[in-house]
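So the protein sequences, as listed, match chains A and B. With the UniProt record's numbering, letter number 66 in the first sequence gets 66, and the count goes up by one each step, no holes. With the UniProt record's numbering, letter number 61 in the second sequence gets 61, and the count goes up by one each step, no holes.
Rather than coming from a laboratory, the hints here were simulated on the basis of the structure. Some hints here could point you the wrong way.
Quick partial rundown of chain A residues pointing at chain B, CB under 7 Å, derived from the structure [what the hints assert, rightly or not]:
#	residue
1	C13
2	N17
3	D18
4	G37
5	T60
6	G67
7	L78
8	N80
9	W88
10	P94
11	Y98
12	R132
13	G134
14	Y136
Each computed DSBU-like pair below joins lysine-lysine, with the alpha-carbon atoms no more than 35 Å apart [what the hints assert, rightly or not]:
#	chain 1	residue 1	chain 2	residue 2
15	B	K385	A	K141
16	B	K256	A	K9
17	B	K107	B	K425
18	B	K564	B	K600
19	B	K601	A	K156
20	B	K330	B	K316
21	B	K95	B	K337
22	B	K107	A	K141
23	B	K250	A	K3
24	B	K601	A	K3
Every residue, glycine too, gets a C-beta built ideally from N, C-alpha and C.
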Amino acid sequence: MVKLNVNSKSHDCDISNDMPLLWALRDILNLTGTKYGCGVAQCGACVVHLDGEAVRSCVTKVSRAEGKKITTIEGLSLNNDHPLQKAWQEIDVPQCGYCHSGQIMSAAVLLRENKNPTDEDIDNAMAGNICRCGTYPRVRKAIHIAADMQRKAENKS
Amino acid sequence: MSDSNTIPNTSRRSFLKLAGIGGTAFYLGVFYSDDASANVINPDLPAASKIEMNAWIIIEESGKVTLVDHRAEMGQGSFHSVPQIIAEELEVDLKDINVIFAQGSKKYGGQITGGSSTIRGSYKNLLKLSATAREMLITAAAGIWAVPANECFAQSGAIIHKPSGKSLHYGQLAEKASKLPTPTDVKLKKRADYKLIGKGIRRIDTPLKTNGKAIFGLDKRIDGMLFAAVERNPRLRGKLVSFDAAETLKIPGVKKVFKIQMQVHSTLRDGVAVVADNSWAALQGKKALKVVWDDSGFEHLSSPEIAKRKLDLLQKEEGLIVKKEGDPSKIIAAATKKLDVVYETPYQSHYAMEPVNCIAHYQDTKIEIWGPLQAPDWMQQHISKTFSLPAESVIVNMTFLGGGFGRKAFTDYCHEAVVISKEIKKPVQIVWSREDDATQGPFRPGVSYRGEGVIENGEIAALKFRMAGQNIDHWMSDKRGKPNGSTTEGFLAPYFESIKNISFSDIPFETPIPVLWWRSVYASTNGFAYESFMDEMAHEAKADPLDFRRKYLKEPRVQILIDKMEEVSGWKSRKKNEGYGVAITECFDSTVGQIVKVSKKRTGGIKIDKVWAVMDCGWYVNPDIIEAQIEGSIIMGLGAAAFHEMTFTDGMADKKNFYEYNMPRIYDMPEMEVHIIDNDADAGGVGEPALPPFAPALTNAIFDLTGTRIRKLPFNMDEVS
Chain A
1 MVKLNVNSKS
11 HDCDISNDMP
21 LLWALRDILN
31 LTGTKYGCGV
41 AQCGACVVHL
51 DGEAVRSCVT
61 KVSRAEGKKI
71 TTIEGLSLNN
81 DHPLQKAWQE
91 IDVPQCGYCH
101 SGQIMSAAVL
111 LRENKNPTDE
121 DIDNAMAGNI
131 CRCGTYPRVR
141 KAIHIAADMQ
151 RKAENKS
Chain B
1 MSDSNTIPNT
11 SRRSFLKLAG
21 IGGTAFYLGV
31 FYSDDASANV
41 INPDLPAASK
51 IEMNAWIIIE
61 ESGKVTLVDH
71 RAEMGQGSFH
81 SVPQIIAEEL
91 EVDLKDINVI
101 FAQGSKKYGG
111 QITGGSSTIR
121 GSYKNLLKLS
131 ATAREMLITA
141 AAGIWAVPAN
151 ECFAQSGAII
161 HKPSGKSLHY
171 GQLAEKASKL
181 PTPTDVKLKK
191 RADYKLIGKG
201 IRRIDTPLKT
211 NGKAIFGLDK
221 RIDGMLFAAV
231 ERNPRLRGKL
241 VSFDAAETLK
251 IPGVKKVFKI
261 QMQVHSTLRD
271 GVAVVADNSW
281 AALQGKKALK
291 VVWDDSGFEH
301 LSSPEIAKRK
311 LDLLQKEEGL
321 IVKKEGDPSK
331 IIAAATKKLD
341 VVYETPYQSH
351 YAMEPVNCIA
361 HYQDTKIEIW
371 GPLQAPDWMQ
381 QHISKTFSLP
391 AESVIVNMTF
401 LGGGFGRKAF
411 TDYCHEAVVI
421 SKEIKKPVQI
431 VWSREDDATQ
441 GPFRPGVSYR
451 GEGVIENGEI
461 AALKFRMAGQ
471 NIDHWMSDKR
481 GKPNGSTTEG
491 FLAPYFESIK
501 NISFSDIPFE
511 TPIPVLWWRS
521 VYASTNGFAY
531 ESFMDEMAHE
541 AKADPLDFRR
551 KYLKEPRVQI
561 LIDKMEEVSG
571 WKSRKKNEGY
581 GVAITECFDS
591 TVGQIVKVSK
601 KRTGGIKIDK
611 VWAVMDCGWY
621 VNPDIIEAQI
631 EGSIIMGLGA
641 AAFHEMTFTD
651 GMADKKNFYE
661 YNMPRIYDMP
671 EMEVHIIDND
681 ADAGGVGEPA
691 LPPFAPALTN
701 AIFDLTGTRI
711 RKLPFNMDEV
721 S
């Protein structure tokens with residue numbers, strides 16, 4: 001039995017310790033927002049947060065996630081209103097959309113660590129997320145928009 | 001879970017109930033009157049035409065309007081654009097409607113989402129059926145009020161009587177309206193009066209794609225379903241001799257292992273299916289199998305041999321003539337000076353981010369399918385025929401597609417899911433691993449070309465192209481002996497008016513490798529050869545490459561496109577050999593010109609400074625989606641030009657995952673500037689036509705900067721000097 005805390009909810013899962021977190025989320029807990037793209041930590045479609053850090057869930061065994069706070073795209077915000085989600089919607093970043101759970105989860109860590117990222121910071125942080133549709137120009141633009149929203153919100157409070 | 005692809009909150013179940021007998025929703029009937037969608041990429045299936053249909057607009061008693069997207073949504077925007085068209089003439093607000101995917105059915109007059117055909121193939125019909133519905137609602141309201149219909153108008157889902165200000169919403173009128181005779185001559189809005197069409201309205205599917213709620217094929221869940229992975233022959237055909245599943249069956253979750261078999265055109269596909277209660281167990285179980293294959297009876301080719309055979313053919317064979325004006329061969333033979341060069345393009349895998357997958361539930365009297373399908377109607381026909389069930393007993397449901405690029409129009413994976421479900425008598429989702437998706441094909445064929453040309457007094461005296469590459473039709477049906485119908489795809493038709501001696505031929509070429517459409521199909525390789533050669537001819541003629549094209553492309557729309565390219569890129573003010581390249585191609589009724597600017601990196605190699613793209617796609621719906629498609633096409637074109645190729649060794653595909661099949665990353669993207677031409681021409685395609693001109697514009701720019709002519713793709717930009 002593996003105990004997983006996902007999006008602030010605790011789950012007891014009858015699975016082997018070496019199952020990658022990706023498949024536990026998708027096939028056991030039915031949280032299908034986290035995507036399978038390569039299975040070998042190459043594409044970034046499966047990025048989730050483990051205690052706030054971005055990890056590739058396709059190569060993260062559930063044993064490593066036990067006792068940690070797991071956040072998936074479904075848990076990033078309550079109302080689809082994280083600054084990144086709002087920025088993504090503002091300029092229609094996704095095309096097919098398959099990679100964007102991972103794109104947003106990677107960007108969320110960048111924005112937490114760096115309130116005012118440059119193009120180069122964004123390129124470095126997002127280099128591990130492949131988009132076959134080629135939405136990269138908008139990914140970069142939306143991260144700038146989200147950073148701006150975040151700074152404005154912080155100045156107000 | 002299964003309902004969240006409906007926007008915003010009406011479940012598919014409630015829709016089906018509403019649409020049922022005695023329910024409270026009504027279809028408004030109109031006739032499918034033209035067959036504009038017939039000109040798509042599969043020539044084998046019968047063209048659907050003259051089908052009476054009424055299935056795009058559903059109105060509930062409450063006034064809720066549900067619009068149906070009959071085409072696949074794989075990023076190109078049909079889930080938004082189809083409703084944007086309907087809403088315009090129907091007079092409903094996009095924020096108030098639901099959108100659902102159609103099931104596979106002939107009543108939509110063709111659902112294949114390929115050949116960039118969704119808008120260009122459907123828009124006239126969609127406008128007409130929407131306006132017809134609106135007029136019937138107006139007539140119904142006028143009848144209720146006993147007022148002349150011309151005193152009434154439609155607005156935001158209601159009919160309003162102008163003099164009195166009375167209004168009734170569509171839900172109060174739909175039943176009465178649906179019983180009226182269908183008018184045949186409704187008046188469509190003028191383009192200048194559009195409120196929605198032509199505007200860059202935000203996509204209605206975006207919010208679903210920012211919080212994980214969009215249901216892609218791989219996300220679909222059906223009660224009681226199992227998961228399956230299949231080990232297939234790495235040589236893409238050949239018989240299964242035996243398998244040992246002892247290790248597989250030890251994996252927790254693995255339920256059953258068995259042989260499957262299916263005919264895929266000329267290929268017999270044997271496989272070993274591993275069924276489990278989760279995807280991971282199925283994929284691990286597949287890896288643990290020990291399988292013996294009989295690989296006799298077909299050639300095990302490697303890429304260098306494939307390339308050599310094509311090059312030999314191009315030197316020895318004239319090929320089958322596809323198009324010919326004058327006698328270019330005679331002029332070329334007599335010329336003292338001529339260009340005679342060869343271009344090579346690679347095989348490619350589709351590598352959609354979502355690997356191929358599908359759910360099937362085989363029952364004795366019915367088969368139901370859910371998946372990322374580019375052609376639900378083809379799937380329905382194929383499964384109906386193969387499993388001897390009437391079409392109406394094969395229910396095909398679309399999900400969002402995590403990319404398609406042509407691969408997900410092919411029926412094999414859907415068929416495979418049905419075969420497995422039939423064996424286990426349960427619903428099952430087949431999951432192709434990334435490695436399966438990458439290496440099992442079908443692939444874009446790698447095509448090689450020979451261009452010969454003569455310049456006399458600065459003019460093209462003769463132009464001759466031969467192509468040698470696998471013909472998709474030859475693999476899919478028995479069309480051997482016929483030339484490739486797409487030999488001139490990508491090449492602008494006006495050239496045939498102005499070049500007096502010109503010919504194109506196709507040299508038939510076969511290998512055991514299965515081949516299939518890949519975004520922009522043959523234009524994706526033709527464009528590179530033809531537009532590179534046009535550049536070489538311009539150089540030979542000592543002409544400016546853009547002016548050279550302008551001289552031969554006399555068609556007014558192309559002239560306007562060239563003027564625009566020149567204007568936006570600052571072409572005339574560029575300096576000599578500053579690194580500018582141009583290419584223009586046409587496919588699926590749209591013309592796209594691109595100008596690429598390159599420079600040398602300090603560390604060696606070449607970088608792209610900027611890409612200007614100008615598209616003439618005629619009538620269009622959403623310029624922001626078009627811009628996104630052009631950006632995406634350029635980046636996919638960049639990948640195919642300078643990052644990846646599929647190679648084969650001893651009959652097996654080599655590049656199994658992203659660590660071997662490199663993709664452009666965010667830091668590789670060039671600056672892009674997109675322009676769309678406004679005119680009154682009929683709609684052209686959008687999803688594909690911006691891909692073909694990128695590679696030649698890039699290599700032409702590299703020639704301008706360095707004098708190095710790149711004639712073989714892919715090439716490494718870091719190694720260009």
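Straight-line alpha-carbon gap K385/B to K141/A, limit 35 Å: Roughly 49 Å between the alpha carbons, so the hint for K385/B and K141/A is violated.
Does R132/A pass the interface hint, meaning its C-beta sits closer than 7 Å to a C-beta of chain B? holds (5 Å)
Between K250/B and K3/A, is the straight-line Cα distance small enough, at 35 Å or below? The hint holds at about 24 Å.
Less than 7 Å between beta-carbons is the criterion; does T60/A satisfy it with respect to chain B? violated (13 Å)
Against chain B, run the beta carbon of G134/A and see if the smallest gap drops under 7 Å. holds (3 Å)
Sort out whether K9/A lies within 35 Å of K256/B, counting only the CA atoms. holds (33 Å)
Run the distance test for K601/B versus K156/A: straight-line Cα separation, threshold 35 Å. violated (44 Å)
Under 7 Å is the threshold here; is the Cβ of G37/A close enough to any Cβ of chain B for the hint to stand? Since chain B brings a Cβ to about 5 Å from G37/A, closer than 7 Å, the hint holds.
D18/A as chain B interface residue, shortest Cβ-Cβ below 7 Å: Given a least distance of 9 Å, the restraint on D18/A is violated.
Distance restraint between K601/B and K3/A, which requires alpha-carbon spacing of 35 Å or less: Violated, at roughly 52 Å.
Decide if the proposed pair is consistent with the structure: K107/B and K141/A, CA atoms, cutoff 35 Å inclusive. Between K107/B and K141/A the Cα gap is close to 42 Å, so the pair fails against 35 Å, i.e. violated.
Between K107/B and K425/B, does the CA-CA distance stay at or below 35 Å? holds (30 Å)
The structure fails hints 1, 2, 3, 5, 6, 7, 15, 19, 21, 22, 24 (numbered hints given earlier, in ascending order).
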